[in-house]
Amino acid sequence: MAEISSDVIRGYNDTMILCILYDKPSYGYEISKEIRRITDSKYIIKETTLYSAFTRMEKNGYIVSFTDDVLSGGKKRTYYRITDEGKEYYREKCEEWDLTRDVIGRFIKRGN
Amino acid sequence: METIKNYLDNMFMKLPATPEVHKAKEELFQMMEDRYEDLIAEGKSENEAVGVIISEFGNLEELAEALGISSEVQAKKEDTRDILSLEDAKGFIEESGKRGLRIALGVMLCILSVSAAASSNFLRMFMMIGQNYANMLSLIFMLIIIAAAIVIFVKGTRSDEKYENIRKGNCILDVETTDYIREERKRYEHTKTVMLSAGIILCIVSLVPAIVADGAMDFGAMLMFLFIAAGVFLIINTSIKSGAYETLLKLNENGTMEGEFIPGKEKVNNTWTGKVISVYWYTVLCVFLIIGFLTFKWGIALLVWPWGLVGFIVLVIIDSVLKSSSKEEKTK
Numbered sequence: 001m002a003e004i005s006s007d008v009i010r011g012y013n014d015t016m017i018l019c020i021l022y023d024k025p026s027y028g029y030e031i032s033k034e035i036r037r038i039t040d041s042k043y044i045i046k047e048t049t050l051y052s053a054f055t056r057m058e059k060n061g062y063i064v065s066f067t068d069d070v071l072s073g074g075k076k077r078t079y080y081r082i083t084d085e086g087k088e089y090y091r092e093k094c095e096e097w098d099l100t101r102d103v104i105g106r107f108i109k110r111g112n
Numbered sequence: 001m002e003t004i005k006n007y008l009d010n011m012f013m014k015l016p017a018t019p020e021v022h023k024a025k026e027e028l029f030q031m032m033e034d035r036y037e038d039l040i041a042e043g044k045s046e047n048e049a050v051g052v053i054i055s056e057f058g059n060l061e062e063l064a065e066a067l068g069i070s071s072e073v074q075a076k077k078e079d080t081r082d083i084l085s086l087e088d089a090k091g092f093i094e095e096s097g098k099r100g101l102r103i104a105l106g107v108m109l110c111i112l113s114v115s116a117a118a119s120s121n122f123l124r125m126f127m128m129i130g131q132n133y134a135n136m137l138s139l140i141f142m143l144i145i146i147a148a149a150i151v152i153f154v155k156g157t158r159s160d161e162k163y164e165n166i167r168k169g170n171c172i173l174d175v176e177t178t179d180y181i182r183e184e185r186k187r188y189e190h191t192k193t194v195m196l197s198a199g200i201i202l203c204i205v206s207l208v209p210a211i212v213a214d215g216a217m218d219f220g221a222m223l224m225f226l227f228i229a230a231g232v233f234l235i236i237n238t239s240i241k242s243g244a245y246e247t248l249l250k251l252n253e254n255g256t257m258e259g260e261f262i263p264g265k266e267k268v269n270n271t272w273t274g275k276v277i278s279v280y281w282y283t284v285l286c287v288f289l290i291i292g293f294l295t296f297k298w299g300i301a302l303l304v305w306p307w308g309l310v311g312f313i314v315l316v317i318i319d320s321v322l323k324s325s326s327k328e329e330k331t332k
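Protein chains in written order, with this note's numbering: chain E, 1 to 112; chain S, 1 to 332.
Everything labelled a hint here was simulated from the structure, so no lab data went into it. Here the structure is a predicted model, which is why all the values come from computation and not from measurement. The C-beta atom is built at its ideal place from N, Cα and C for all residues, glycine as well. Hints should not be assumed to be uniformly reliable.
Among the chain E residues that face chain S by a calculated CB cut under 8 Å, a handful are [as the list claims (entries may be wrong)]:
1) S32
2) S41
3) I44
4) E47
Turn these sequences into a full structure, and let the hints guide you.
As structure tokens, then:
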């Protein structure tokens, strides 16, 4: 069974996370669960990968973190919210993927 | 859940104790805990859930990148600093203890030598010998004691070169070592308080013989310096030993923005009153000595103490109020 190359996926972890955060803020586990659900469990992101992405994107200004205990019913949790730069970056990455898919797709033979 | 916590602790044990590392550990634990609860809700057994989480955790390399990047931004120094091993930290503490003892002993002997110099009248009465003999004897005692003090100082009260790094702040502690040191410091806290208090009390009490034995000035002076010597010994000894803990823990401070990251609740004595209290009794002692030596009206100078006590009680009350109100804020 084919598996996604980790090199490829690494380039798009941010895109996936930003997509999930695009409309509303969320927290660590919920995001990883969403990724699994959206991909039909074809991609399961590791906790360390996820956290690295959070840290990196926060440093770049694409997301901001805040702690909250109201939303989660009492437990103090770290939430992440997308910024305007983050939305911009997301759109760029989407365009980039479209281009990639177009280019590589020309070399992929289906069937056989 | 315990298993997961141990797994995480183990993973993070050898990492430098910085705020970023601490934050990462917390967030990862939160994620794992959420996942655990979800899996249990789905019907998995505890063991299964734990197994799934650990196997899908990932590795530290990715994290190292995330953490490494942040620390580069905060302080370049951190990249070049080695992690101090637990054995070295222990060695440093032990050596500081011995060093403190030696220095305290040396200083005590120096003060004792003054006491010996003033002891001639005492010797005359006690041993029932003539004035000249007594003078000679007290001089001999003094010289012997000074010689002993010199021997101790020469033998070395300086620290081993091995620990130069620690003194210069050229290294950093990992989580395991930091925890160990904090634990030891807490355990030593009680001894330190006792020794410090006893030392200070001895210094204070030392003035009693000086005042009481008004006529036999020598006698009073001899006893006074005796007490001071003992008091100073205790103070120096315990200060150097506890200083070692502080020096080690400060290592993490040089370079990171937040310093020794302590979960908010543990930050004791951070209040301004806490700091005042720590120097309070030294200040009172100084005031007392100044008044006494300037006016020689020791009776009046003695009044400083009861007032000092009142002031102290007020300070302690303010301090505990401040601490409890800041504790409330921090645990919100």
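**Request:** Determine which of the earlier numbered hints do not hold for this structure and return their numbers in increasing order.
**Result:** 2
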